[in-house]
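**Student:** With the hints as a guide, bring both chains together as one complex.
Protein sequences appear in the order of chains L and H.
Residue 299 in this note's numbering sits at position 299 of the first sequence, with consecutive numbering throughout.
Residue 331 in this note's numbering sits at position 331 of the second sequence, with consecutive numbering throughout.
No lab work stands behind these hints, which were simulated from the structure alone.
Here the structure is a predicted model, which is why all the values come from computation and not from measurement.
Incorrect hints may appear among the rest.
What the hints assert, rightly or not - Derived lysine-lysine pairs resembling DSBU-like cross-links, with alpha carbons at most 30 Å apart:
1) L/Lys270 x H/Lys206
2) L/Lys7 x L/Lys127
3) H/Lys120 x H/Lys91
4) H/Lys206 x L/Lys127
5) H/Lys91 x H/Lys78
6) H/Lys413 x H/Lys91
7) L/Lys270 x L/Lys127
8) H/Lys78 x H/Lys413
9) L/Lys7 x H/Lys206
To be verified - Taking CB as the label site, the calculated pair distances span:
10) L/Val118 x H/Ser37: 24 to 34 Å
11) H/Val24 x L/Lys162: 35 to 45 Å
12) L/Lys162 x H/Lys120: 46 to 56 Å
13) H/Asp279 x L/Gln266: 23 to 33 Å
What the hints assert, rightly or not - Only part of the chain L face toward chain H is listed, based on derived beta-carbon distances under 10 Å:
14) Val233
15) Val280
16) Thr312
All C-beta atoms, glycine included, are put in the ideal place defined by N, C-alpha and C.
Listed below, chain by chain, are the residues.
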Amino acid sequence: MDVVLMKFALIAYAIGAVVLFIYFFSREDWLRNFGATLAVAGCAAQFAQLAARYQETHIWPLLNLYGSLSLFSAMSVAIFIFFAFRYRLWFAGGLLLAIAAIFLAYGITWDEGVMPPVPSLQSYWAKIHVPLVVSSYGAFLVAFVFSIIYLVKDYGERRFAKRRIVTSTASGGAAEATLPGVPLSKFDPAPETFAAESAASLRDTPALAAAAEGGDVVAGWFATLPSLAQLDVLVYRAVAIGLPLLTLGIVTGAAWAHEAWGRYWQWDPKETAALTSWIVYAAYMHLHTRNAWRGLRCSWLNVLGFFVILFTYLGVNIWISGLHSYKA
Amino acid sequence: MFGNVPFGVSLLAVWGVLTLIGVVVTQNQPPGAYFTSYPAPIARAILRMNFDDIYHSVWYLTSVGLVLLSMITATFTKVIPRRLPPYRPVKIDAMPLHATIAVPGNEATVRARVEEFFVKRGFRIRRRDFEGTEWSFADRWNWARIGVLVNHAAILIIAAGAILYWMRGFSGETAIVTGQATQIPRTNTIVKLDRFSYTIQPTMTKSGMVYQPIDYVSHVTVTGPNGVPRPMVVRVNHPIDIGGTLLYQASYGFGMQFAVTHDGKTVSSLARRLLVEGDSLQIPGTSRSVAYQQFVPTVDPRTHMPSADPRVNDPAVILTVADSGTPLGQALVPLRTWLDLGAGWRIEPARYVMYSGFQYTYDPGVPLVAAGAVLLLAGLIISFYFLPARFHVRVDAEEGGACRVGLAATTVKGYDIFETQFRDLVSGLRTEAGKGAS
Ligand code: HEM
Chain L
1 MDVVLMKFAL
11 IAYAIGAVVL
21 FIYFFSREDW
31 LRNFGATLAV
41 AGCAAQFAQL
51 AARYQETHIW
61 PLLNLYGSLS
71 LFSAMSVAIF
81 IFFAFRYRLW
91 FAGGLLLAIA
101 AIFLAYGITW
111 DEGVMPPVPS
121 LQSYWAKIHV
131 PLVVSSYGAF
141 LVAFVFSIIY
151 LVKDYGERRF
161 AKRRIVTSTA
171 SGGAAEATLP
181 GVPLSKFDPA
191 PETFAAESAA
201 SLRDTPALAA
211 AAEGGDVVAG
221 WFATLPSLAQ
231 LDVLVYRAVA
241 IGLPLLTLGI
251 VTGAAWAHEA
261 WGRYWQWDPK
271 ETAALTSWIV
281 YAAYMHLHTR
291 NAWRGLRCSW
301 LNVLGFFVIL
311 FTYLGVNIWI
321 SGLHSYKA
Chain H
1 MFGNVPFGVS
11 LLAVWGVLTL
21 IGVVVTQNQP
31 PGAYFTSYPA
41 PIARAILRMN
51 FDDIYHSVWY
61 LTSVGLVLLS
71 MITATFTKVI
81 PRRLPPYRPV
91 KIDAMPLHAT
101 IAVPGNEATV
111 RARVEEFFVK
121 RGFRIRRRDF
131 EGTEWSFADR
141 WNWARIGVLV
151 NHAAILIIAA
161 GAILYWMRGF
171 SGETAIVTGQ
181 ATQIPRTNTI
191 VKLDRFSYTI
201 QPTMTKSGMV
211 YQPIDYVSHV
221 TVTGPNGVPR
231 PMVVRVNHPI
241 DIGGTLLYQA
251 SYGFGMQFAV
261 THDGKTVSSL
271 ARRLLVEGDS
281 LQIPGTSRSV
291 AYQQFVPTVD
301 PRTHMPSADP
311 RVNDPAVILT
321 VADSGTPLGQ
331 ALVPLRTWLD
341 LGAGWRIEPA
351 RYVMYSGFQY
361 TYDPGVPLVA
371 AGAVLLLAGL
381 IISFYFLPAR
391 FHVRVDAEEG
401 GACRVGLAAT
411 TVKGYDIFET
421 QFRDLVSGLR
431 TEAGKGAS
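If we strip away everything but chain H, and leave its shape as in the complex, we get (with noise of 0.2 Å):
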């Protein structure tokens, strides 16, 4: 029963149920985030059936585990021990595919041009005899059932990849500043990102001006176990290989310094520090803290509003202050200008940094996958090209130095799907038979 086809496909139709629901429900969200998008017992049942993160959760393993025990069923109870049926005499008009035709000649001949012209075509001939009567068995493509097996075989291989990955791998995100060197997690390399660069083209579309990136690069200096540094260039599609690690180009950034002064003096202890968007200050000895919300490459200088242009002309930054967690507002800052926060405190973003992000991955299972992927390729175009055929072919010779040929043939998938070639098999004989005659 679990190695059967519709049980299978039953597993395969809930996989996919699954899947689908990833698609449509979107995933790692904050909680919040589905009971604004949908109405509260929904979003209730996405979060406690675990829905904001389908693919790693139980049903979905589940589910895939199912599938993959289903099918190493399978293929151990149906697939692997299924032979080819032995070689017996049919009864020609009895089969769905057949077809009788006179060729000259005796029967040695006759047989000879007809096993002649399955040979020429790929059959392996067999010849066996029944009580006196004999029979040529052609054959096509036996070992094309391998497909089924090199199929099952390849999914599993995939699977043993991702596993290995699971087991083995490792991968997260890490920002650089420029000037400034990270060593990347667990390994031995130290990465200095000596300079961000990017590439933007303005570009007029008819829905208007769409300022493209082009190009997003970093260069590095790479140091690793030996200590040695070499200047390396990373940029998207383009990875580096760090001692089995690949590093890539993943997003860039505007990091930011800030000057503060309370009365007129500057705060030294703040201004040291570098603020990525999304970090915020808290002011001494206040309630109040300013976030570094969002940079702004460029403001448009008749509306003093953010323009669509990400490169950088005439920056500004985004600020919201708070009190006690409450914001209070939010303003747009340019650069080398200040915002007053009450009670003597003056912020001014004074400098700003990019940042380049990285993606990093270590995975072991890649060789694994790509081998898995080949044969599932194979496997597909095997079992969908190459069908397996049997001719049964029985020569009586008639009065008159003719014979007549009976033909039936048979495949691992039926009938129907041979019929255009039996077809054309058989005129092919009829013609190629008669023309040795003559």
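With the rest of the complex left out, here is chain L (with noise of 0.2 Å):
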């Protein structure tokens, strides 16, 4: 049974994956529709897998490789699906799925069965300790998946800047656009118009604007993402999830090894990396402080925390071992 939910879940996010990069270029309302039903699908499976493994080996199942990249795949899911139905994000969707998938299959290939866990995981540390973290990750990869689609935004932005001055001083400036009073967002949910929100978008990508009521195809594609101001933001409240729980994550995890190991903290590799995650991400949320650092800069940081991430959660596993890597 938990076969098949699993592979479920996977066909699922690859389906939805592709109907959703579809949807990000065709802006077709039914292939939003289809790719956000897929996901919310696959991701009950998950849980649903999860919960149907639990209940047959009463075997809590995160404690390997597989159970955790799937708890993973499912978190980061989530907490996609409800930015995508709070904000309107769905464009943002195949990015996101296909990373999911991705984890998700290479987290089947680390199926080695089932196991009782040894001694130092029969806590109920680990079931709180486990969820919190891979949940932050998950919440990590939104907010890195946000990030991409800001630099994307901001590349458009320059690019179009530049196509612009040239043709400004082939013909002399004539050429110069104003700044029109475009609709710019079709995910705008506002019934009304706001100051704010014109300005926001005007203000953030000008070029683009001009290029976009010019008639630019690609200009006109790029306008209809949220403004870059929104997109910070996004990430911002997706990083605002995922650092309270990587800090209740980490607590835990001292709390545990505190009645594990004696000492709550034993500079283990994969404390130490996830303090060093912790540590990018604190940063982060300091510079976030400063309007000089907010946009370009801390998306580039938070491109560079999902690394530390994935490294922290992969690369010390297969590259280092240590207390804490699955394999010993």
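**Tutor:** Here it is, written out as structure tokens:
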């Protein structure tokens, strides 16, 4: 039963990723609805799978890389679904579902069958610590995806800004576009226009706005994405889920280590790698209080942060042995 | 400069990089191990820079110290002095977040309705008169500015807990052989190991048979300063408390008694010694020594090689014989068989005795660290989820019995972050204030 659910989730994510990628470019509503349905169904199947496995074996299913990666993809999709419903962000689902599917597929290769946990893992802390840490990774994946979209849009703006300068010098400045009041975001759910929104979009990406007004298809597509300011806020909101969860994850890990090994902090590679991730996101949080660092630099910092998370999550287990190694 | 955010973040970056180096470079290895893993110049650099024990190195402690110092400076120079801006009139249209809505009713009732709307949503209202124009200010979660302070204090409390351990705490490891007793260092407590047992469950997995340990249990008798012996059980994840020092189940092993004979006669002085893995015996009057390398719980009956089964079925030991320190060879010697050492000497692994490895820790800093951790979380939640915001509200009566309500909002974290909520609040106000009028 649980294998069927797992495969169903994997297929749902894979198809959902393709559908939402097409939606990213075409903006057909039915594609969004179809992709969203697949994401929700896949995510539900994953949680059902974990529950079924626990029911069958009475062994907490998150203590090996198979279960943990499964929860990671399920949590990242769940957190994304929350954002997508709340802020209408299904267009970002293609990238997210594709990454979730890859991690899930990789997790399946670690399926060793059912094994009772070793003594140090027989602790109620295991049931708390692992889901918290893995959920924080899921939130950071969502932040990473939004950062990528930010960077893509920012890149688009730079390209169009350059082009605009070239055209305007070629024609003696006559082609310099004025900033029109175009409806910039199809995803903008507001029934009324507020000063802030259109102002933010125009301030953010004037070159894209101008080119879109001039009928450029690519610019028109870019312009339908949320404004850079909105994307930056989305990244921040995802980190606002991830950082407290990571902190709580580290704290519960310390409590567990205190109980199992006699020291709450052992300078074990997994702990110290997690500390590095925590430092990166703490730095992000501070830089985000500065106007000059919001947006572009903070997005890059998030990309870096996610790579550190990946290293903490998988790299340490694969390359570096320690108390946390799943293979130990 | 020392307390500004970019400088603080640079220090965080240094701290992060040093922490990462300690992940990548395996810590606390013997110097030779670094020369095996890295090219010689890098290995030398690792040792010279103390990167083999980076978390106790000058670099690391300095980086953490500077982070704390910078954080304290920032807290006093930037965080604590900052107050909410004073109440003052603004040019509504010039504020990035603004809206103007029309609400039927006279000025007093419209203002009351608007204020009630905000009060219901947790805002606190202040009215101020500026040269005949009345302004209402709606503030929300102003207290949440304390989040930064809570966080910075939390980090200091955790650091204080860690320092308390360095100053007053201790920890170490000790092994107790079955039937023997040991005083746990720096305590007045004697612990005797009555019995050690383990449970191992063979499990078939996709990659073959795995012998999964399920339980390690030490049955001990603890005698504290009062002299009354108490039987107790120590298992993994269930340490026992002996007068404030915690005793943990950490490992186990097999002690070994060897029977040594010379020309067929037992050498009783050597037989009385109990060796643990890694110990060696010097053969008297020769340059030879025998090292008890490893206990092999089960020898595979077909291959006569050590099997993966950690349960004791058919035990043997691996012995290394050396002459003047130069290894001559290694042998797998089943229990109650002997190995010829030459010159009439024989050695026989006679009897094994299990020992249990314990970790003991006394850490008076734990309550501080735990309190700091709770505060840290609280501070993060406050900082992320309680955004102090202010609405500036101006109500102007218009012709025809309606009012124009101008609203502009600011927060302590800029405008973009409040955009959605601003829109929702203004939409809500429009609906509710309109409803109230009809
Ligand atoms: C390197 C040393 C540090 C310095 C110089 C520093 C400085 C500051 C400053 C000036 C602020 C106020 C920013 C503003 O609102 O404009 C702040 C905010 C904050 N700090 Fe630190 N800090 C340091 C380390 C830490 C650490 C290690 C933590 C641990 C979590 C921390 C947690 C926070 C939090 C939660 C906020 C609130 C952020 C927000 O409201 O978005 N700080 N810090």
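**Student:** Work down the list of hints and note, for each, if the structure agrees.
**Tutor:** Cross-check of the supplied hints:
For the hint pairing L/Lys270 with H/Lys206, the CA-to-CA distance comes to about 26 Å; that is within 30 Å, so the pair holds. Only pairs whose Cα atoms come within 30 Å are accepted, and L/Lys7 paired with L/Lys127 is accepted, the gap being roughly 25 Å. Restraint check for H/Lys120 and H/Lys91: satisfied, since their Cα atoms lie roughly 26 Å apart, inside the 30 Å limit. Between H/Lys206 and L/Lys127 the CA atoms are separated by roughly 25 Å; this keeps the pair inside 30 Å, and the hint holds.
For a cut-off of 30 Å, the pair hint linking H/Lys91 to H/Lys78 stands: about 28 Å separates their Cα positions. With a C-alpha separation of about 20 Å, the suggested pairing of H/Lys413 with H/Lys91 holds against the 30 Å cut-off. A C-alpha spacing of about 18 Å is found between L/Lys270 and L/Lys127, which places the hinted pair at or below 30 Å, so the restraint holds. Among the hinted pairs, H/Lys78 with H/Lys413 is consistent with the structure: their alpha-carbon atoms are about 15 Å apart, no more than 30 Å.
Between L/Lys7 and H/Lys206 the CA atoms are separated by roughly 18 Å; this keeps the pair inside 30 Å, and the hint holds. Distance hint check: the CB atoms of L/Val118 and H/Ser37 are about 28 Å apart, consistent with the given range 24 to 34 Å. Checked against the hint of 35 to 45 Å, the C-beta distance between H/Val24 and L/Lys162 comes to roughly 40 Å, which is consistent with it. About 50 Å separates the C-beta atoms of L/Lys162 and H/Lys120, a value consistent with the hinted range of 46 to 56 Å.
Between H/Asp279 and L/Gln266 the Cβ separation comes to about 27 Å, which falls inside the hinted range of 23 to 33 Å. Because the closest C-beta pair between L/Val233 and chain H is about 5 Å apart, less than 10 Å, the hint holds. Satisfaction of the interface hint for L/Val280 is found here, the shortest Cβ-Cβ separation to chain H being roughly 6 Å, below the 10 Å cut-off. Evaluation of the L/Thr312 hint against chain H yields a held restraint, the C-beta minimum of about 8 Å falling below 10 Å.
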